[in-house]
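Required output: the full structure, derived from the provided sequences and hints.
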Amino acid sequence: MGGSSVAPLGRTSSIENEPRTLNLNQIQFARDAALYIINTRDLEEAMRIFTKGLKPVVGCVHDKEEYAAAADELDGLSNPYSRIRDIATAPF
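Take 1 as the starting number for the sequence shown in my numbering and just add one per residue.
Because the hints were derived from the structure by calculation, they are not lab data. Errors might be hidden in some of the hints.
Each pair of labels, with its calculated beta carbon distance range [what the hints assert, rightly or not]:
| hint | residue 1 | residue 2 | range |
| --- | --- | --- | --- |
| 1 | ARG11 | TYR36 | 19 to 29 Å |
| 2 | VAL58 | LEU22 | 22 to 32 Å |
| 3 | VAL57 | LEU22 | 16 to 26 Å |
| 4 | ASP42 | THR21 | 29 to 39 Å |
| 5 | ARG11 | ARG48 | 30 to 40 Å |
| 6 | ASN17 | LEU54 | 16 to 26 Å |
| 7 | GLU18 | PHE50 | 21 to 31 Å |
| 8 | ALA46 | ARG11 | 37 to 47 Å |
| 9 | THR12 | ASP32 | 31 to 41 Å |
| 10 | ASP32 | ARG11 | 36 to 46 Å |
| 11 | SER14 | ARG48 | 31 to 41 Å |
Even for Gly, the Cβ is constructed at its ideal location relative to N, Cα and C.
Okay, structure coming up:
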């Protein structure tokens with residue numbers, strides 16, 4: 001058999017695009033730091049610190065359509081007896 005070489009696709013795993021998860025020590029450190037800022041700064045300055053670097057989220061039509069479809073599906077699941085039933089088939 002001949003040695004076939006497979007060219008790399010240059011893709012990264014989707015997990016690489018996900019945010020990193022903090023461990024419990026890092027979460028506690030972040031809580032303590034936030035509490036320190038809240039206790040030592042005025043409200044406006046604390047808000048500026050907490051929101052620095054945030055960018056507005058821009059949705060697209062595709063996302064809205066997907067959300068509407070998912071919401072319709074969940075509505076059907078939340079109340080399985082939502083359809084009007086014939087009296088003869090009612091359990092009571």
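Results for each hint:
{"no.": "1", "hint": "ARG11 - TYR36: 19 to 29 Å", "verdict": "violated (42 Å)"}
{"no.": "2", "hint": "VAL58 - LEU22: 22 to 32 Å", "verdict": "holds (26 Å)"}
{"no.": "3", "hint": "VAL57 - LEU22: 16 to 26 Å", "verdict": "holds (21 Å)"}
{"no.": "4", "hint": "ASP42 - THR21: 29 to 39 Å", "verdict": "holds (32 Å)"}
{"no.": "5", "hint": "ARG11 - ARG48: 30 to 40 Å", "verdict": "holds (39 Å)"}
{"no.": "6", "hint": "ASN17 - LEU54: 16 to 26 Å", "verdict": "holds (19 Å)"}
{"no.": "7", "hint": "GLU18 - PHE50: 21 to 31 Å", "verdict": "holds (23 Å)"}
{"no.": "8", "hint": "ALA46 - ARG11: 37 to 47 Å", "verdict": "holds (41 Å)"}
{"no.": "9", "hint": "THR12 - ASP32: 31 to 41 Å", "verdict": "holds (34 Å)"}
{"no.": "10", "hint": "ASP32 - ARG11: 36 to 46 Å", "verdict": "holds (39 Å)"}
{"no.": "11", "hint": "SER14 - ARG48: 31 to 41 Å", "verdict": "holds (34 Å)"}
Hint compliance for this structure: hint 1 alone is broken.
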